[in-house]
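K.L.:
Chain by chain, the residues:
There are 2 protein chains.
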Amino acid sequence: MIKTIPGNITAPKGLKAGSVHCGLKRNKKNHDIGIIFSEQPCKSAALFTKNQIVAAPIKLSRKVVKDGMVQAIVVNSGNANACTGKRGEKDAETMALLTSKQLNIKANEVIVASTGIIGHHLPMAKIKSGIIQSSERLGNNNTHAINIAKAIMTTDLVPKHIAVKTKIGGKEVTIGAIAKGSGMISPDMATMFCFITTDAAISLNTLRSCIKKSTESSFNQITVDGHMSTSDMVAILANGMANNHNITSSTKSDLALFQKALDYVTLNMAKEIVKDGEGATKFIQIEVHEAKSVSDAKKIARTIAESPLVKTAINGEDPNWGRIVSAAGYARVTLDESKLKLSVNNITIYKKGLPVTPAPKRLSSVMKKKEITIQLHLGMGNKNTTLWTCDLSKEYVSINADYHT
Amino acid sequence: MIKTIPGNITAPKGLKAGSVHCGLKRNKKNHDIGIIFSEQPCKSAALFTKNQIVAAPIKLSRKVVKDGMVQAIVVNSGNANACTGKRGEKDAETMALLTSKQLNIKANEVIVASTGIIGHHLPMAKIKSGIIQSSERLGNNNTHAINIAKAIMTTDLVPKHIAVKTKIGGKEVTIGAIAKGSGMISPDMATMFCFITTDAAISLNTLRSCIKKSTESSFNQITVDGHMSTSDMVAILANGMANNHNITSSTKSDLALFQKALDYVTLNMAKEIVKDGEGATKFIQIEVHEAKSVSDAKKIARTIAESPLVKTAINGEDPNWGRIVSAAGYARVTLDESKLKLSVNNITIYKKGLPVTPAPKRLSSVMKKKEITIQLHLGMGNKNTTLWTCDLSKEYVSINADYHT
Numbered sequence: 001m002i003k004t005i006p007g008n009i010t011a012p013k014g015l016k017a018g019s020v021h022c023g024l025k026r027n028k029k030n031h032d033i034g035i036i037f038s039e040q041p042c043k044s045a046a047l048f049t050k051n052q053i054v055a056a057p058i059k060l061s062r063k064v065v066k067d068g069m070v071q072a073i074v075v076n077s078g079n080a081n082a083c084t085g086k087r088g089e090k091d092a093e094t095m096a097l098l099t100s101k102q103l104n105i106k107a108n109e110v111i112v113a114s115t116g117i118i119g120h121h122l123p124m125a126k127i128k129s130g131i132i133q134s135s136e137r138l139g140n141n142n143t144h145a146i147n148i149a150k151a152i153m154t155t156d157l158v159p160k161h162i163a164v165k166t167k168i169g170g171k172e173v174t175i176g177a178i179a180k181g182s183g184m185i186s187p188d189m190a191t192m193f194c195f196i197t198t199d200a201a202i203s204l205n206t207l208r209s210c211i212k213k214s215t216e217s218s219f220n221q222i223t224v225d226g227h228m229s230t231s232d233m234v235a236i237l238a239n240g241m242a243n244n245h246n247i248t249s250s251t252k253s254d255l256a257l258f259q260k261a262l263d264y265v266t267l268n269m270a271k272e273i274v275k276d277g278e279g280a281t282k283f284i285q286i287e288v289h290e291a292k293s294v295s296d297a298k299k300i301a302r303t304i305a306e307s308p309l310v311k312t313a314i315n316g317e318d319p320n321w322g323r324i325v326s327a328a329g330y331a332r333v334t335l336d337e338s339k340l341k342l343s344v345n346n347i348t349i350y351k352k353g354l355p356v357t358p359a360p361k362r363l364s365s366v367m368k369k370k371e372i373t374i375q376l377h378l379g380m381g382n383k384n385t386t387l388w389t390c391d392l393s394k395e396y397v398s399i400n401a402d403y404h405t
Numbered sequence: 001m002i003k004t005i006p007g008n009i010t011a012p013k014g015l016k017a018g019s020v021h022c023g024l025k026r027n028k029k030n031h032d033i034g035i036i037f038s039e040q041p042c043k044s045a046a047l048f049t050k051n052q053i054v055a056a057p058i059k060l061s062r063k064v065v066k067d068g069m070v071q072a073i074v075v076n077s078g079n080a081n082a083c084t085g086k087r088g089e090k091d092a093e094t095m096a097l098l099t100s101k102q103l104n105i106k107a108n109e110v111i112v113a114s115t116g117i118i119g120h121h122l123p124m125a126k127i128k129s130g131i132i133q134s135s136e137r138l139g140n141n142n143t144h145a146i147n148i149a150k151a152i153m154t155t156d157l158v159p160k161h162i163a164v165k166t167k168i169g170g171k172e173v174t175i176g177a178i179a180k181g182s183g184m185i186s187p188d189m190a191t192m193f194c195f196i197t198t199d200a201a202i203s204l205n206t207l208r209s210c211i212k213k214s215t216e217s218s219f220n221q222i223t224v225d226g227h228m229s230t231s232d233m234v235a236i237l238a239n240g241m242a243n244n245h246n247i248t249s250s251t252k253s254d255l256a257l258f259q260k261a262l263d264y265v266t267l268n269m270a271k272e273i274v275k276d277g278e279g280a281t282k283f284i285q286i287e288v289h290e291a292k293s294v295s296d297a298k299k300i301a302r303t304i305a306e307s308p309l310v311k312t313a314i315n316g317e318d319p320n321w322g323r324i325v326s327a328a329g330y331a332r333v334t335l336d337e338s339k340l341k342l343s344v345n346n347i348t349i350y351k352k353g354l355p356v357t358p359a360p361k362r363l364s365s366v367m368k369k370k371e372i373t374i375q376l377h378l379g380m381g382n383k384n385t386t387l388w389t390c391d392l393s394k395e396y397v398s399i400n401a402d403y404h405t
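Respectively, the protein sequence lines represent chains A and B.
Be aware that the first sequence starts at 1, since it is given in the UniProt record's numbering, and climbs by one per residue.
Be aware that the second sequence starts at 1, since it is given in the UniProt record's numbering, and climbs by one per residue.
Think of the hints as simulated: they come from the structure by calculation, not from any bench.
Note that the list lumps identical chains together, so a pair holds whenever it fits in one copy or between two copies.
List time: in silico DSS-like cross-link candidates among lysine-lysine, alpha-carbon distance up to 25 Å:
id : residue 1 : residue 2
1  : K252      : K212
2  : K165      : K13
3  : K394      : K275
4  : K50       : K299
5  : K339      : K59
6  : K370      : K394
7  : K86       : K339
8  : K275      : K298
9  : K50       : K298
Using the sequences plus the hints, can you model the full thing?
P.N.:
As structure tokens, this is what we get:
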């Protein structure tokens, strides 16, 4: 039984957050820096962007997570500290060091994360003041929770957060998460920001394998615009304060319960990101069935999802399904046209290489729905995949043509 | 010496065209079917889409071109005859057969091409009437030329055509071309429609190698929206009526002259397609220098060109160069951040992994230009590539959200 409860990363035992506006965002009401802190040191695992150009905080945090112990995350929005060379690396180190001093913890147990514009040095005076103020405001009530979720937003319209409770080995275990991401979303092995906390007791190796597995079927299966960020990060902290019997690869049923709850949290966060995709008006689920391999299925799903012609057709509520089939055709996967079947929200429109005629009447009313499911059957095997994306609207162009200057 | 002359595919000796409105397009003023006819049978070579899902006319024309001899092309816009199964294949055959009867030529020497909406059967009564009328209107004056160029247009705003004269072995040789394409443009090995005619005498093998070479550096180096069509086709007809000494792989200098003129024609057509890209307001040249291999350079150039974040930044005249560098970072090519240099219209803004500070003042005025050149130096080797694309505008979304229904 997984039960959703109010709050987010401060919901598990021993977790606190604090955030403020330090001057990175123009609107003074918007927090732009914050700290997530655990009373006890946590086992931690994280996944980072596969982009060859990575932001300075990613370089630092990779090292921090390698050792497996983390007690705090310091995060800012408004500036990604990417493409900033040695000075940028130094600035990320300063953030970790100052945070550790303020919290009286080890500097190499602080994850640093930055998101926002690329190619600008951080205004360190503002950042320092922000870290000091955030550390003085730590707490775990609803205001702390909502503020930290908002502090990591860039072009996001809504905060994305969740907390769930489940029972593992007779003990109540809580998992909380906050996420951000709206544009530059096409994660591969990791994604944007999602910070997850739990009071579960779990071994480091098991935690690493759990977060990898959850990410594979959630964040790695979403795309907004096909542009992979320099700063993607999914990180989980587990402080063990739920006092459950330690979860390891040997405690099969406890592990299954934890994985299930974690999958629930990551999938929820991933879908929230797509729903809040820049300019999104539709939530699109793409299912590819009967592929020879999962890899083939994923290639086709992603090619359909990233075709601007498919995305604009759905934006226009236009059942122009030829664009979906032709996108599948250039995914570099062998196809047999005469075996293809395409349905939208379970209405079949193309079968055995031929349009269903007359075109189903319900189709145009289905296209008006907020949630569209595209179901492509390849007839080549028995592997499947599901991927989530959103449409491409004029608002996406507005948001991104006017973002910087 | 390559000299541009008025006209297009009817400019070479012995070439004629005829076209009419047969009812595929809504506006009766717009021609939607046409025939290109050579008095003499032509050697012919063509390149077709690499999409796994190909339109019926592509299947037929592949066979026609295999034999190397062609005397006519019949082409319609408004309906792609794609995803239409056996009936679609039969319809394409009927188009070739009727055309051959009307012109008193062999049916297996007629190329068939269709462009427009995918997944609808051709209205064959209209098509038949269109072929008969087109064959009765054949001619080679300016009106015939402009009409055939317009008859192949779909969302194109302007007809794309060219004719050039050059001297080969003391004889005047003419090459003419018409092209269409505005959306669903991301050719690989071939592209949209470009029909090229010449009166050059040239061996079949040489013609095949020339058109392949020209396409590689022109149509294969453009992208509008990254969506590869089911119907892409580049075809050249050479009827030998210029009476030049036959061009073969042994006549090195004549071959070089012909290749140069053909390159000129294909590059011109390719750039015209990008400039008329759906909703395009900017023409963008992407140069990648100092790559380890041409393939690496092409991957990076294409990833930059197809990033909606790069395209919208340029649409917004916003020097948000972090998007360009981060796109290069996810092209699946090994990079060394500290060796990168990025310039826009020769203004360097990022060097050795660091932003040039203060940001060059001329940058924002440069972003206002109609033609933007992005120059990325990798510092990894000595291979280069150039690719052409356009920006992503609200108009692109409008055009494609409202295209079908």
